[in-house]
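Chains as they are written, first to last, in my numbering: chain A, 1 to 263; chain B, 1001 to 1096.
The hints are simulated quantities; they were obtained by calculation from the structure and are not laboratory data.
Do not take every clue at face value.
Unchecked claim - Some chain B residues flagged as far from chain A (calculated, every beta-carbon gap over 12 Å):
| hint | residue |
| --- | --- |
| 1 | Ala1029 |
| 2 | Pro1055 |
| 3 | Thr1056 |
| 4 | Ile1059 |
| 5 | Pro1078 |
| 6 | Val1080 |
| 7 | Ala1084 |
| 8 | Ile1089 |
| 9 | Thr1092 |
Said to hold, decoys possible - So the derived list for chain B, only partly shown, Cβ under 7 Å to chain A, looks like this:
| hint | residue |
| --- | --- |
| 10 | Leu1017 |
| 11 | Leu1021 |
| 12 | Leu1022 |
| 13 | Ala1028 |
| 14 | Val1087 |
| 15 | Arg1088 |
Where a beta carbon is used, it is the ideal one built from N, C-alpha and C, also for glycine.
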Amino acid sequence: MPVPTLARMRLAVCSSKGGVGKTTTAANLAAALGRRGRVLAVDVDPQDSLGRAFGVIAKSKDDSLAALLEDPLADPRAVVRHDVAPGVDLLPAHPELETTAAYLASTGGLTTSVRRVLRPLLDGYDHVVLDTRGDLGALTLAAVCAADTVLTVFTSDPGSALGAARVAAFLEQHRAYENTTAVLIGVACASWDQHGRAAREVAGALAGTDLPVLTTRVPMSRRVPTSTLSKRPVVLSSPTSPVATAYVALADEVVHAAERVTS
Amino acid sequence: MSVTDQATARPMRTRTLRDDLLDDLRQAAPMPAAQPAREVSVPVPVEPARGPEAPTVDIAVTPRFWWGLRMKTLSEGPGVVIGAGPVRISLTGFRR
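Bound-form chain B, shown alone (with noise of 0.2 Å):
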């Protein structure tokens, strides 16, 4: 680098350097405060009405557990889990 081009580089980095604090100072400096928090009301989701429960299928790949040919009912309510090498099938939802 030539003595010409210190010369014409030094204002430059002058510039940058003031730059970079003042970027520093307006990030530190008042911004909106923070708000204590309100209260606000947020609108509860009305659930829709449900009618009969409709059938649902689900069905599971588990690559890392795999299955025994095996189908058994859910506890929980109607409902059957049929279980075969990595794929679960559950059937719920259904009246008896």
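Okay, chain A solo, but in the shape it has when bound (with noise of 0.2 Å):
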């Protein structure tokens, strides 16, 4: 089957609310995103949720992020992980990541800091992914200063319709100051409730703003919850079930958004 050339893209998954499944779309993402290209996963978010999700932990900060941000002459080939999954590469986070992040943040160095690591690692990769923390706070502002797109996620709860709403203006006012580039690509809804009328109701009031909500809507699924226990992502874990069709749907859609504004 031939490969379809993918235009290059640093997509940034981010939200100022926690536990609307960010993770969990970024690492899916990836992996999707992998059966086509080479893609290098990147974990902002001190939590290191999305290096789980592949089963990759950092054991000190030295394997991490948090080393690459502190020293400018360290190499990041030397910290990322190699295949983690089919195609994709991860670079992982560690919860001291926290304390090199307000360092930087105190510095002036914090904002920047994700792409001068990036920069020379991005001719090996189609797809960037970065994970972010569940807020729109400085060390997201360094990870969407590294990207060119954003995607937001939404859940059944209306708060998490309001944070993709403030991710929007977020990116606006950023853009605005010339700290990124990046554009909101999507709003994808994370975890589909079918049934549910707040589901409705959120995807109903988002559908009626301007901002970019995508058609794609990756159902509710207990098989989420189980990948991340077995440590791989439901696309590899459960490649034909609905919710793992829907995030490889959702891929796509985003690629081709990704594709419309950055040509």
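Combine both chains into one complex, guided by the hints.
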């Protein structure tokens, strides 16, 4: 089967709210995109959940993004974990990232730090997927600064929809400040409760905004937490399941949206 | 409330919930971004050329502070203050 040529995309998955499925989405998008090209998954969350989704745990700060942010002379290639899934390499986080970020913020080096670390790595990958923490703080800004596109996710929780709207406002503001050129390419439902009234209301309200709501809805599924336990994204652990199929469709939709805005 | 009433009331309630959320989203979603403050040249008011200072009379009523009948000259320039009971009159701007 011919491998489609994909535009290079540096995608940050963001929300101002935690627990809405950012990491699961980032992990599954990376796994889905890894089937068609080389992907670097970057964990920019001190909770190091993206690495754990692939069974990768940095034993110390030195094995993680935190060390690279702190030391401009460090070689990022030495920290990247190769082939954590087919086509996927991973730059893991470590809880010490919290302290490193606070230090860099105090010295003025945080905003551009992730971009600086990733620059020498970009040539080796078709896509970069960055997972962020559940806020719109300085570390998330550093991730967005390294990205050219942003995806945000929502669930049946109205707060998650507000989180998506806040991501859009956050991006507008930091584009105006020239901290980033990243564009919001999608607002995706990461846990679609097809029989739930709240889900319909939230999706309906989002459709009434100018936000770029994506058509793919990832169905709510028990397979997702099970896949986290097994340390393999559901796209790999249950590839024929409806939820895995939806993540693959979401990856396609995201790539097409990115091509539209970056070409 | 009858069953029929409930049935008719429900869609309206649904619409209201969605509208409320939509309002919240529109409030949170991008508005014209706050632009970094730009330096704006503010015209500096030109003070009118001052001629010889005109005498000024200020009358203040100080109901909580009563003055005994007295008169004093101002240390900061030509002027005089006359106080009597709750009234204070100051005369400034005249040449001695």
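Evaluated hints:
Non-interface status of alanine 1029(B) relative to chain A is broken: a Cβ of that chain comes within 12 Å, the nearest being about 4 Å off. At the 12 Å boundary, the C-beta of proline 1055(B) stays outside the reach of chain A, the nearest C-beta of that chain being 55 Å off. Annotated as non-interface, threonine 1056(B) keeps its C-beta farther than 12 Å from every C-beta of chain A; the closest such distance is 50 Å. Under the 12 Å C-beta cut-off, the non-interface status given to isoleucine 1059(B) relative to chain A holds; the minimum distance is some 53 Å.
Every C-beta of chain A lies more than 12 Å from that of proline 1078(B), the closest at about 55 Å, which supports listing it as non-interface. No beta-carbon of chain A is positioned within 12 Å of the beta-carbon of valine 1080(B); the least distance is around 58 Å. Even its closest Cβ contact with chain A, about 61 Å, leaves alanine 1084(B) beyond 12 Å, as expected for a residue assigned away from the interface. Distance check for isoleucine 1089(B) against chain A: the nearest CB is about 57 Å away, which clears 12 Å, and the non-interface claim stands.
The beta carbon of threonine 1092(B) is kept farther than 12 Å from every beta carbon of chain A, the shortest such distance being approximately 51 Å. This hint holds: leucine 1017(B) has a C-beta 6 Å from the nearest C-beta of chain A, less than the 7 Å allowed. Among the interface hints, the one on leucine 1021(B) holds; its C-beta lies about 4 Å from the nearest C-beta in chain A, closer than the 7 Å criterion. For leucine 1022(B), the interface hint holds, since its Cβ comes within 7 Å of a Cβ in chain A; the closest pair sits about 4 Å apart.
Residue-level restraint check for alanine 1028(B) holds (minimum Cβ-Cβ distance to chain A is 4 Å; threshold 7 Å). Taken as an interface hint, valine 1087(B) does not check out: its beta carbon lies about 57 Å from the nearest beta carbon of chain A, beyond 7 Å. A distance limit of 7 Å between C-beta atoms decides the matter here; for arginine 1088(B) the minimum to chain A is near 54 Å, and the interface restraint is violated.
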